[in-house]
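Asks: Heads up: the sequence shown is residues 1 to 167, going by full-length UniProt numbering.
Among the hints, a few may not be true.
[What the hints assert, rightly or not] Below 25 Å or equal to it, Euclidean Cα-Cα: the simulated DMTMM-like pairs (lysine to aspartate or glutamate) are:
1) K164 with D150
2) K91 with D150
3) K91 with D43
[To be verified] Cβ-Cβ distance ranges computed for the label pairs, FRET-style:
4) L92 with W30: 19 to 25 Å
5) V142 with L71: 18 to 24 Å
6) K91 with P148: 32 to 38 Å
7) V142 with V54: 19 to 25 Å
8) G6 with A84: 17 to 23 Å
9) G149 with V54: 19 to 25 Å
10) R131 with D96: 31 to 37 Å
Because the hints were derived from the structure by calculation, they are not lab data. Each residue gets a CB set at the ideal place from its N, CA and C atoms; glycine is no exception.
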Amino acid sequence: MRLLHGATALLVLAAWLSGLFVYSRYDGRWGRLPFTPAGDWIDIHGLIGVGLLVLALPFVAYAFSLGRARLRRATNSLTLVALALAMGSGKLMQEDWLEDGQLHHLVYGLHLLGWLLIGLAVLVHVGDSLRLGGWPLLNSMVSTSLRPGDLPGDWPQQVRRFWKRGR
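Take the sequences, apply the hints, and build the full model.
Replies: Quick look at the structure:
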């Protein structure tokens, strides 16, 4: 789970930052960055979104099975809702809307809302983690050392044990 959580967190950060570059370059109604790095940020953002979708599916499956108790914390639920809104609206967008200056689409507005919510949700999520476990918890989250049970090959057995307990 830590591996999946960490990879998802890195892709959420990459998607959020690339989305900031896309917004700054093509929209910027509420401000632009003083510079936007060169690159085809719409394609980069979309590629990160596809990678995030691949990781988000098992992450959400975990959240609604083994991690169900953790969803009672509003910060965890808010983060998943923001992720779903950002990804769902992103998949509904047309790539050429922003390049053509079509900023009026409802789906684009929802995607911007999802982008804002995911940024807020991650900040609140990290703040809640600091409140609950302090720096030791955050350090354990960013630790790259693997512990027994961290590898994807261990997950099926963990799921079987969960269902046998009757949860």
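Asks: Now tell me, hint by hint, if it's right for this structure.
Replies: Hint by hint, here is what the structure shows:
1. With a CA separation close to 20 Å, the supplied pair K164 and D150 stays within the 25 Å bound.
2. Of the pairs offered as hints, the one joining K91 and D150 is violated, with about 30 Å between alpha carbons and a cut-off of 25 Å exceeded.
3. At most 25 Å may separate the alpha-carbon atoms for a hinted pair to count; K91 and D43 meet this at roughly 13 Å.
4. In this structure the supplied range 19 to 25 Å holds for L92 paired with W30, their Cβ-Cβ distance being about 22 Å.
5. Checked against the hint of 18 to 24 Å, the pair V142 and L71 passes, with Cβ atoms roughly 22 Å apart.
6. The beta-carbon spacing between K91 and P148, approximately 36 Å, falls within the hinted interval of 32 to 38 Å.
7. Taking the beta carbon of each, V142 and V54 are about 22 Å apart, inside 19 to 25 Å as hinted.
8. Look at G6 against A84: about 20 Å separates their beta carbons, and that is inside 17 to 23 Å.
9. Between G149 and V54 the beta carbon distance is about 22 Å. The supplied range of 19 to 25 Å therefore holds.
10. About 44 Å separates the C-beta atoms of R131 and D96, a value inconsistent with the hinted range of 31 to 37 Å.
Comparing the model with each numbered hint stated earlier shows that hints 2, 10 do not hold.
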